[in-house]
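Novice: Required output: the full structure, derived from the provided sequences and hints.
These protein sequences, in sequence, are chains A and B.
Number 494 in this note's numbering belongs to position 364 of the first sequence; there are no gaps in the numbering.
Number 278 in this note's numbering belongs to position 277 of the second sequence; there are no gaps in the numbering.
Keep in mind the hints are simulated off the structure, nothing from the lab.
Just so it is clear, CB atoms sit at the ideal spot from N, CA and C, and this is done for glycine as well.
Careful: at least some of the hints might be erroneous.
[Unchecked claim] Okay, the calculated bits of chain B under chain A, using three or more residues with CB under 8 Å as the criterion:
| hint | stretch |
| --- | --- |
| 1 | 72-82 |
| 2 | 234-244 |
[Said to hold, decoys possible] Restraint ranges, calculated between C-beta atoms of paired labels, are given here:
| hint | chain 1 | residue 1 | chain 2 | residue 2 | range |
| --- | --- | --- | --- | --- | --- |
| 3 | B | Gly41 | A | Glu538 | 49 to 59 Å |
| 4 | B | Leu44 | A | Gly206 | 47 to 57 Å |
| 5 | B | Gly41 | A | Gly206 | 47 to 57 Å |
| 6 | B | Gly341 | A | Gly546 | 37 to 47 Å |
| 7 | A | Asp150 | B | Ile146 | 39 to 49 Å |
| 8 | A | Pro561 | B | Pro251 | 13 to 23 Å |
| 9 | A | Gly421 | B | Ile146 | 29 to 39 Å |
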Amino acid sequence: MPEAGETLLAIDGVGKRFGDLAALDGVSLDITAGEIHGLLGENGAGKSTLCNIVFGVLRADAGGMRLGGTPYRPTGPAGALAAGVAMVHQHFSLVGDLSVVDNLLLGQARGFLRRAEFAAEVVRLSETFGLALRPQAIVDDLSVGERQRVEIVKCLMRRPRLLVLDEPTAVLLPAEIEGLLQVCERVAASGCGIVLVTHKLAEIRRTAHRVTVLRHGRVVARSDAPADEIDRLVRAMIQRDLVGAAPTLRAAVGSASAAPAAATAVGDVVLRVEGLGLRDASGVRRLDNIGFSVHRGEIVGIAGVEGNGQSELVAVLAGATAATEGGFRVDDQPFANGSPKALTAAGVGVVPEDRHREGCVPAMSLALNLALSTLQRFRRWGLVDRVALAGEARDRMRAFDIRAAGPEVPFASLSGGNQQKAVLARELSLPGLRLLVAAQPTRGLDVGAVEAIYAQIRAAAERGVAVLLASSELDELLAVADRLLVMYRGRVMGECAATAESRPRIGAWMAGHAA
Amino acid sequence: MTVLAVARPGMRPWRSELWVPVGAVVVALLGGLALVAAAGVALPAAVAAFADGAWGSAYAIGASLNRAVALGFVGLGFIVAHRANLTNVGGEGQIAAGGIVSTALCLYGGAASLPGPLAWIVPLTAAAIAGGVWGSIAGVLKVRIGTNEVISTLLLSFIGVWALYGCVQSTRVLRQPMTDSATLPESLEVPLATQVPALVSGLDMPLHAGAVVLLALAALVAVVLARSLFGLRLRAVGLNPPAARRAGMPIGATVVIAMFIAGAFAGLAGGFMLQGEQLALKARFPSGYGIDGLVVGLLARGTVKGVLASALLFGFLRSGGIAMELSAGVPSAIVLVIQGLVILLLAGSAWWLHRSRRA
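Specialist: See the structure below:
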């Protein structure tokens with residue numbers, strides 16, 4: 131292992147273009163052995179592109195890199211791994227049916243499988259770095275946090291000189307985040323360089339030795355003492371002051387959030403969920419006796435670690451999945467397995483969790499996507515009135531600040547933020563809208579777009595729309611919702627006002643402890 | 002299935018780069034000539050036979066165009082279903098279904114006694130419905146139990162083709178009365194009233210009224226695909242079923258209707274083939290039109306214009322090829338190889354255009 135403080139990876143003037151877009155433009159930074167180097171930036175700032183270049187997934191168009199003093203030009207992940215660079219991706223690549231050890235063997239076995247030896251190595255690494263792992267556990271039985279630890283062990287088994295972690299905390303419980311950061315510290319202490327990609331300030335403040343901030347593909351700020359310069363770094367990242375910014379904006383960067391404005395006067399019940407249960411095709415219980423209600427003008431947040439039934443709940447409320455027990459009522463009209471069409475007619479708008487899969491048809495035009503669920507309104511003499519369609523699309527683009535060259539451009543050509551604004555625009559413009567169900571509406575968006583999305587949702591609530599908002603970003607929920615439900619393993623663990631004081635109770639509920 | 006990979010829904014149609022497919026056809030034909038020469042056939046004789054058979058006389062032109070009309074119908078149906086990301090490879094069986102029903106109505110269903118043009122329009126319509134029903138079985142199977150429509154239409158095709166074979170083998174079904182042991186296994190000729198009239202009378206040109214029907218339906222399909230709510234629904238269902246479902250569109254009904262339309266066009270092709278050209282139902286009735294029509298649909302890359310162009314190409318290519326085989330003695334295998342070359346090079350040029358556009 132190199133001496134701590136010695137330059138490990140030197141990135142010199144690296145540039146990368148995708149068509150007209152300069153994803154990276156003359157980025158230089160160096161990472162020293164034994165440091166945790168925070169890479170901070172909004173979505174689309176170029177963080178992932180840079181990581182992918184370092185890990186050999188992409189090739190730089192300009193500039194070069196040196197690893198441990200020698201030129202480093204990986205032609206693929208295999209080359210990067212051979213050179214001692216490992217990466218933990220946001221999405222895991224594990225085989226669910228296999229045990230932890232077998233997953234680790236998959237990548238590295240040659241000739242005979244030496245399971246016992248491997249298992250011993252797993253235990254040794256786990257103990258050294260505080261990664262509690264049972265080598266014989268089946269991956270499907272593990273929590274997301276545990277699976278991430280398997281990925282980290284997979285990297286560590288190759289004894290890397292440099293470990294890149296791409297947004298590793300996005301999927302973790304608050305308690306798990308702390309554990310992960312401790313692991314990072316131990317790995318760094320062993321002399322390995324760590325690149326921690328994040329847009330969360332709290333993590334930077336807590337662990338990073340140095341920070342580089344990217345914006346629009348350029349380095350806009352550096353700091354050798356990030357904990358003391360958080361405000362300067364945020365300004366560089368989002369080009370705005372955090373002081374006085376909307377609470378949703380503050381929440382989006384993980385800065386402590388203020389309690390939302392006092393709850394608005396609550397109106398009649400719009401959505402009433404009663405005894406709702408769901409078993410999937412293999413008989414596994416996904417939702418268990420869920421009951422709650424959402425009132426006119428109220429924003430109810432659903433918090434919880436991803437995969438605890440939020441997606442299934444939204445799917446049932448959207449009419450995509452039929453409940454196996456119980457049901458729900460919208461304005462006293464019962465729906466057990468309401469079809470999407472009937473729900474649209476009842477005034478239920480849905481922003482689905484996976485907007486590319488369910489929210490839009492990317493190859494069709496923006497105008498068509500803006501009217502997808504109500505196309506029959508544009509039927510004239512059997513044909514679709516394109517002029518009216520484009521006219522309405524232009525109105526929506528103006529009202530919701532959707533930036534695109536025009537209503538006829540393919541939906542896929544829009545940026546993620548504008549796509550999400552368009553989906554939201556369509557759902558919020560439903561005739562007779564009574565209830566909006568939104569799942570993870572801000573995932574993958576930059577802070578500017580997050581702010582715009584929440585402003586629209588708030589405005590809808592003020593007009594009297596009942597809003598149910600599922601998100602794994604607790605800070606955002608606290609900033610925007612009036613009331614929170616916390617889900618754990620398909621059940622509602624608890625319910626509380628969305629205030630900062632509730633935070634400890636929410637954390638406990640998210641981990642499955644009754645508070 | 003290289004060809005299948007070429008025409009995906011959502012891909013762009015041929016544009017100004019028309020020279021690329023044209024060049025591909027020319028290169029394929031030149032390659033074909035080289036093969037003919039290699040097979041020891043005198044080139045001038047082969048070329049002359051090809052030209053003669055394809056466009057050498059009014060009769061040849063009419064026959065080529067009739068062939069193109071039948072292929073055009075199958076191709077139109079193919080692109081409608083393909084909008085919904087459904088691949089109908091069951092043209093043969095759907096043509097057979099159309100042929101059986103048309104023959105039955107013309108000979109024994111009393112169609113001949115219907116007034117005026119109804120005598121041939123009614124059996125044609127019935128043929129289209131029969132093909133449509135045959136096609137929609139695959140749609141229902143897909144919606145109900147998720148059977149891949151490529152598999153089910155292909156297998157239904159075998160059933161249709163062999164059902165037709167059975168029909169013409171037995172005098173209790175459609176076979177003509179047995180007068181002696183040499184009576185062919187085919188139906189009687191359909192009555193004159195039920196035959197599709199020639200487009201140009203007096204000339205020795207067999208071109209029938211199907212050409213006009215094809216052009217009218219082609220225009221209708223173009224408008225429906227591009228401008229109607231149903232066309233948009235087909236596209237949405239084809240490109241992203243979960244989003245279409247979320248938007249309240251009836252996915253299952255759209256799939257079944259799309260397969261019905263694909264089958265109906267093939268059934269109509271069968272009706273025209275029977276009432277316009279062959280007049281009697283023979284054992285090998287569909288004779289590859291379903292497969293050629295599938296290729297026409299694929300090469301059209303989703304556009305109606307493309308269907309018409311590739312139907313013409315294949316209509317003439319097939320006629321010329323048969324003539325080359327019959328009068329110049331070119332082995333039929335080589336004719337098939339030339340057709341394969343055309344498909345391969347067109348597919349290759351499509352891939353090349355697609356790639357250069359993205360670069």
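Novice: Name the hints, by number, that the structure is in violation of.
Specialist: When the structure is compared with the hints, only number 1 turns out to be violated.
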